[in-house]
Structures are given as structure tokens and as C-alpha cells.
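**Q** So the chains spell out like this:
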Amino acid sequence: MKKIEAVIRPEKLEKVSEALLDKGHHAMTVTEVRGRGAQRGIALQFRGKEILVDLIPKVKIEIVTEDKNVDDIVDIIKTYAHTGKNGDGKIFVYDIEKCLTVRDE
Amino acid sequence: MINSGDTAFIIICTAMVMLMTPGVGLFYAGMVRRKSVISMITLAFVAFAVVSIQWVLFGYSLAFGPDIAGFIGGLDHVGLAGVGLDGDGIPDILFMVFQLVFAGLTLAILTSGFAERVKLSSFIVFGLLWTTLVYDPLAHWAWGGGWASQLGALDFAGGTVVHISSGFGALAAALVIGKRLGFGQETMEPANIPLTLLGGALLWFGWFGFNAGSELAADGIAANAFTVTLVAASAGALAWMGASWIKGKPSSLGMISGAIAGLVAITPACGFVDTMSAIVIGAVAGLLCYAALLFRLKKGLDESLDAWAIHGVGGFWGAIATGIFATAAICGIDGLIYGNVNQFVIQLIDAGVAVVYAFVVTYVIAMLVEKTIGLRVEEEEEYVGLDIAQHGESVRM
Numbered sequence: 001m002k003k004i005e006a007v008i009r010p011e012k013l014e015k016v017s018e019a020l021l022d023k024g025h026h027a028m029t030v031t032e033v034r035g036r037g038a039q040r041g042i043a044l045q046f047r048g049k050e051i052l053v054d055l056i057p058k059v060k061i062e063i064v065t066e067d068k069n070v071d072d073i074v075d076i077i078k079t080y081a082h083t084g085k086n087g088d089g090k091i092f093v094y095d096i097e098k099c100l101t102v103r104d105e
Numbered sequence: 106m107i108n109s110g111d112t113a114f115i116i117i118c119t120a121m122v123m124l125m126t127p128g129v130g131l132f133y134a135g136m137v138r139r140k141s142v143i144s145m146i147t148l149a150f151v152a153f154a155v156v157s158i159q160w161v162l163f164g165y166s167l168a169f170g171p172d173i174a175g176f177i178g179g180l181d182h183v184g185l186a187g188v189g190l191d192g193d194g195i196p197d198i199l200f201m202v203f204q205l206v207f208a209g210l211t212l213a214i215l216t217s218g219f220a221e222r223v224k225l226s227s228f229i230v231f232g233l234l235w236t237t238l239v240y241d242p243l244a245h246w247a248w249g250g251g252w253a254s255q256l257g258a259l260d261f262a263g264g265t266v267v268h269i270s271s272g273f274g275a276l277a278a279a280l281v282i283g284k285r286l287g288f289g290q291e292t293m294e295p296a297n298i299p300l301t302l303l304g305g306a307l308l309w310f311g312w313f314g315f316n317a318g319s320e321l322a323a324d325g326i327a328a329n330a331f332t333v334t335l336v337a338a339s340a341g342a343l344a345w346m347g348a349s350w351i352k353g354k355p356s357s358l359g360m361i362s363g364a365i366a367g368l369v370a371i372t373p374a375c376g377f378v379d380t381m382s383a384i385v386i387g388a389v390a391g392l393l394c395y396a397a398l399l400f401r402l403k404k405g406l407d408e409s410l411d412a413w414a415i416h417g418v419g420g421f422w423g424a425i426a427t428g429i430f431a432t433a434a435i436c437g438i439d440g441l442i443y444g445n446v447n448q449f450v451i452q453l454i455d456a457g458v459a460v461v462y463a464f465v466v467t468y469v470i471a472m473l474v475e476k477t478i479g480l481r482v483e484e485e486e487e488y489v490g491l492d493i494a495q496h497g498e499s500v501r502m
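First to last, the sequence lines map onto chains A and B.
Counting from 1, one number per residue, gives the positions in the first sequence under the working numbering.
Counting from 106, one number per residue, gives the positions in the second sequence under the working numbering.
No lab work stands behind these hints, which were simulated from the structure alone.
Honestly, I wouldn't trust all of these hints.
[Stated by the list, open to error] Here are a few chain A residues that sit away from chain B, every Cβ distance over 12 Å (derived from the structure):
1) E5
2) K23
3) I42
4) D95
[Stated by the list, open to error] Straight-line C-alpha distance at most 27 Å; calculated DSSO-like pairs for lysine-lysine:
5) K15(A) x K68(A)
6) K15(A) x K284(B)
7) K15(A) x K404(B)
Predicted model only: the values in this text are computed from it and were never measured.
Built from N, CA and C at the ideal position, the CB exists for glycine as well.
The following block holds chain B by itself, in its conformation from the complex (with noise of 0.2 Å):
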């Protein structure tokens, strides 16, 4: 039976979670050089609208059709048939779209390894294999019936769905694609900070509905997957800025990466832990996805705008840290500090599987497309910027 409370509060939560998709754009937009910041808001526009068409057609069926040996949906909802107005708390519609919305921002999130130096065709041919490829599996594994959530793994929001995935992927993009022009010898001073830090507030403010919505009922775990997030992004924003203000001034930027950076490690946690407990899986994604950064920037590898710094590796650590933290008290589950070290292994699994097969997948998608009808723009629109040899537009700022 439906339930209008339940039905209300995941309409909104949807409706916020599509915000961050613009969120996302004018989060990475901020950060590229003045003549691609069209370019990149444009990206996450477009990801969305692919991934958008590619789910009411078959996506939604292949992450939550009937499961095929653990692994893929099957067919069953292709063009949403069986998919309608009524359904278990709330109707079937609804669950599909707000699934619909994580998808959509996952491929958005991937764009920070295509930036500045992808053709907008081929990204959108790319886009619809890899959320075909990539997102559909690992949504059915979480939560559609798959492997992962036989064996008992614990993924509230999506950490091995939304963020390794796309972390891991947007790395195996960067490596396929190749550095920006002039990366490592030019500095690339972002266009305009405020941007990012607007993009990074509609991403926090969404994230609410990101969290809270995937209880899909207003109840108790709602209020605690939101509280928890609050608290896990302030934690990751100070211990990212602290760390930052000791090797040299406290950025504005480095803030808010380490914000999404807690939000990103207690997403897959948010159901099954505590408030003290999110403070520390909070902080200690602000150092450690600050430690990945460092440690990309000595590698030289361009993944622009950190998805795997902040997204891989801050999803890779909520994956572990949900097996560390979780609560009987909140879910029902302990977890390693209450002294089941089985759900510890189980989520080292889920997340190491993810890991390996985001990156070997989108490497090998990102191949084909560039073999085909190659993935990046000529040298020439590559210096002029994206902005006006994609899209004929140009901004002053």
C-alpha cells in the first residue's frame, strides 16, 4: 500500500538529488580554466540527459529486473513495463526515478577525468556504454539481488554504485585519454572559485536526499542517515583544511573537497552507524582523500578534477568503514569494533571487486571508443578550449 508520508519525502529527495548533477558541473567548472567552464557544466547536463533515456528504456530493468546468476537484471521492465503507480510504501514509478537520478550523477561524477579534452560525441557514446557496462552490474550487485548483496554486503546510498565506480572510472578514463596539454608545466589556475564552492553546497545540500531517500520511508534511519551526514562532512571538510593549512594556507578549495570527501565515505554508511562513529569516518576521509590528491599530483597523472581522490578512494574507504562502524543498535549489524570481523571481509570484497571491476571495464570502454572514433578533441580546439570548439560559446567571468 502506498504511504503519502513515505511517497512525499522521496519525491523531494529526488527532486534534491538531480541538483547535484548541475552541482557537480559548477563544482568541477570552478576548478578548469575560464575557457572550458561551459564545457564541463555542459558534460554533466548531457550525462544526465543520456543516462536518463538509457535507464527508462532497459537500464532500470538490467540494475533491478529479475536477477540473471548474480551478476545483471534481467529484461522484465525494459520501457518500465511492470513499473507502475502503485508499489510497497511507495509507488514503483517513484522508486525507479529516484534511481534514475543516482545513475545519472554517477556518469557526471566520471567527467573530471575527460576534462577540458573530450569530444562531446564520443562521450556520449562512451557515457552509454559505461552506465550500461559499469553503473547497471554494480546497482544490481548493491541492490538489485545481485552477488554482493547475497553475500551480505552493506551499501546504504551507493559507495561501491556511485563513487567507486565512477572514482575508479574517471582514472581509467584520464590514463585512456591522456594529460591535458601543458599538464605539469603550465599552471592551470581554476577560473573561479566561488563556482566550486556553490556547485559543492548544491552537492551537500542534495546529498541530504541523496542519504536520507534511500531509506525510501521518513523514519528513524531517514533522520539518522541525515544527521550522520551532516556531521561526516563537516568532519571531512576541517580535517581536509587542517591538513591543507599545515602544509600552507587553509583553501576555500581544499574546505570543500574535504566535504564531499566525508560525504562521500558515509554514504554507503549512513544507514547503519552512529553519529560519533561518522565524525570519524568524516575526518579520516578528509586525510586520506587529501593524501590520494598528493599523491596523484606526484604521480603526474591528469585526472583533473579528483573523482578518484576524492569519490575512489573516499568510496573504497566508506566501503571498509561501514564494516568497521556499523551498529546493532542503528541496523541490526555489528560490525568490526563490535567484533564481527565477518562483515569486515565481506565489505573488503564488495569494495575490492568494485574497485577492479569499475577500472578494468571503463579502461577497456574508454579503449574502444578512442580506437573507434577517438575520445579526444584535435590539439587546435584542445587550445582554444572546449567552450566555444564544442559548443560555439564563450563566458566571461
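Here chain A stands alone, though its shape is the one from the complex (with noise of 0.2 Å):
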């Protein structure tokens, strides 16, 4: 089993969420964090002064699949995510260990 991690853009995230569900992917977490990538948030100017936005919002999106599905995933947020600018986000693939649901005996 994998582990797939994907901070994205919070706007792409109903487009991201709907691309899945279509494909049957239902399971997912989502969390709202705040991060930055190699240009180091956004630098804005003010009359000469620049003031660095450091850490941009985005969302985290967490699933943990089954390997065969790992590609599709991928593709699917790498499709829905994208804007082709900076700050499109990351996407992570860890492996599982084990995987335990809480109701199962």
C-alpha cells in the first residue's frame, strides 16, 4: 500500500475532490496548512519596500491506496492542480506499513 501526500492550491481543491470521486477514489483527508516552495512565498513591492508574503495557504490532501491506483491518483491531481505557475504544490508517494481500520475486531 502507498501513501500519497499532495499540497495543491486550496481553490483547485472541489476540482482535485470531483476528478477523484469520478474515478472511484473516495477516501481522502484534507487538512489547511500554510507552506512555501523554492521561491520562498510571495515577494510583493510597495513603492520600494518589499514585503515578503512568507508562508501561502494551501491544502493538504492525504490517501492511502493500493498500489495499482497510485498512477491514476497521481495524473488525476496532477491534471485538476495545475496552473503551470509557481506555487502548484508538491506531491509525495510514501510507502505503508500497515494499514488498520479503527471499527474492524
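Join the two chains into one complex using the hints; note that each chain is given alone, in its own frame.
**A** Take a look at the structure:
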């Protein structure tokens, strides 16, 4: 099993979530986070003075799934979270050692 | 001679109307995204501050100075010259400040068209030009002895002056500044509905001062205005909620929007109609303004917070409704349903001219600001949100 963790633009969440549902990937956990990437946030100019908005609001999607679904899910996220500009986000894929359901005996 | 009862009443009404401006700020702030909440409230306060200074320097004189060709007031009262502590019933300076709070509120309503994308500096320049070139003439036409009042147009508390001007002004402003990034593609979820309901409550409360105070005396007409204001707002709230219920869920946002629509529509009529007519005026306003909102969405217009649908369309309906429902029993003038076609035609002309004037002149002013100093923030600032980009502040809600 794998865990996919994607940090994306908040405004793209709805489209990504709908596309995942369409393809039958129901389970996900979403957290509101703030972060920065290689370009270190966004620099705004004010009459010569620079203001660095260091941590930009993002959402983090976490999905644990069978190995065979990983490529499909990553593709969906890449397609629907894409704008082509800095700040589109990152996708990480991890191995899962164990996965238990709380409800089960 | 000064009447102390009237004076006390109007001082309280003035304070109530002042509260409507931050009320509009909160009403709007709850409906934008979290990154623009502070910006939206601040725009209302800034509008109020800018107009207050403009008004005492020369705005009051342009609106209420001696009539020039039915269009604008003269400069006799610049710097409040001749506006003293004496007056007829209430002190002249109290009348001046009562009118000031109306002017400030009007520009605050217009910020709907600029939501989440306007440069604060450009808004201040725009606001100064707008209140001088749009609000002041309209106030003069209706109340300062201009052509509309000479014609016999009825506008008790400012249907054309406050609501048509800000509503159609907001539409023109939105067309010039353009849609928000992502409008129509992303869901722009409201930041905080209770904040909007709180803003709506403050508006409703302040509106009693707005309408009843417009009588400028504590008398029977003021009591009538108070009553019909309450009833029209309730009818509007129920009508909009009912209509939206049929299409889905009875949202609280729809309910409060309907209340505001009812308040807008009764504004020009409140000194001229009876309570049963107010139910009709408010209910029609709720349905009509809801239809206008659906129309705006269908057309893909980002007049973000519906000043046009609620204040513009509601104000137009209210002006027409005054010509339909006015009754001699209240004010000595009959409307259409009592056989006076003439008054109805006068109201149509008055409202029609106000719509065209407010839309065209606002469009020109916004274009002028856009072409010179630019109306809109940079794309990155808009993405981060105006709270941080314009004010260096942010809110957690």
C-alpha cells in the first residue's frame, strides 16, 4: 500500500476532489496548511519597499491506496491542480507499513 | 425655532445611520473569502472617512447650496459657511451631518463592485470623484431643490440618491475593474455567514434611523416610516427565502438578502405609503432582487456582493412602487392605484434618469482612474488576498 500526500492550491481542491470521486477514489483526508516552496513565498512590491509573504495558504490531501491506484491518482491531482505557475504544489508517495481500520475487531 | 424633541430624535437617527456603514462592511466581509475580510470592512470605513471630509468641505454645498439650473448646488456653504446651530425645527448643522452619514454609506455600498481586487489608493481617488460627481448631484436633484424635486418626484429617504446610485454604480465599477481571478471556475466560499448576518442586523437596525429620521421630526410620518420599514424588510426576507427554498435550501444568506431588498425598496416610499402596501413592496422586492441575482450569475457578471441586484434593482422598484402605492391618507399625494397616473410617470422618469446618470458617470470615472493610476491590484497580490497585500494584516476565522 502507498500513501499519497499532495500539497495544492486551496482553490483547486474542489475540482481535484470531484475528479477523484469520478474515478472511484473516495477516501481522502484534507488539512488546511501554510507553506512555502523554492521561490520562498510571494514578494510584493510597495513603492520600493518589499514585503515577503512567507507562508502561503495551501491544502494538503492525504490518500492511502493500493499500489495499482497510485499512478491514476497522481495523474488526476497533477491534471486538476495545475496552473503552470509557481505555487502549484508538490506530490509525495510513501510506502505504508501497516493499515488498520478502527472499526474492525 | 429649534424643537428639542425633534433634535434629540435626529441626533439618535444620525448615529444609527452611521452604524449602517460598518454594518455594510461586515455584511460584505462575511461573503468574501477569508483573505479579503479585513479589506472589505476597511473599504467601508475608508469610504465613510473620505466622504465625511469631502462633505463638510464642499459636498454639502454642492448638494444643498442654492440651485444652479436644477442640476447642482452652489458653493455658498463651502467649509460649512452659514451652516449654524440654529434652524427650522432642528439645527442646520444637524441636518448637514444627518445627510453626511447617508453620503458615506452610499459609497460603502458601492464597494461591492470592487470586492477583493481594488487598490486602496485608487479607491480613495475614485471615491472622492464619485461622491462629488454622482452622489452630490443626485442628492441635489431629490432633496436640494434640483429638477427631480421641481418635477414632483417622491424620494423620502433616498431610493434614487442612495440605492440606485450605488447599485448601478457598483455594476459599472465591476465592468471596468473586471472579474476576480478564478470567478466562475472556482467556488468562492463565503468566509463567515454569521458575520454577514450580524452586518445585516446592524443595517436593519440603522435603517429605522435612515427612514424614520428622514422626516426630520419626531411625528406621525416618522412613526409610519418606522412601521413600514419593519414590515417591508420582513416581507422581503420571507419572499426571498421562500423563492430560494423552492430551488433548494432556505439559506440564511438569502433570508438576510431579502430583508435588505425589502428595506431598499421601502426607502423612497416610506413617508408616502401605508403598512399593507409595504408588505407588497417588500415581498415584490425580495422576489425581484433574487431574480436579478440569478440573472447576474447567468450572465457571468462579477458584481461580487450584489449591490446592483439588491440596491440597484430594489431601488428602482422602490421608486416605481412609490408612484404606485402613495396614498393621500398618509402624505396628501395619491399614486397609480388611486388613479394618479401622473405621479407614476414622474417616478419612472426620475428613476430612469438616475439609473442612466449613475451608470454612465461611474463608468467614466472608473475608466479615468483605471487609465491613469490603475484600479486593480497586481495578480499576485490578488492571489494572496487584499488583507495581506493592502493592509499587512490577516484574520483567522
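**Q** Tell me, in ascending order, the numbers of any earlier hints that this structure violates.
**A** Failing hint: just 3.
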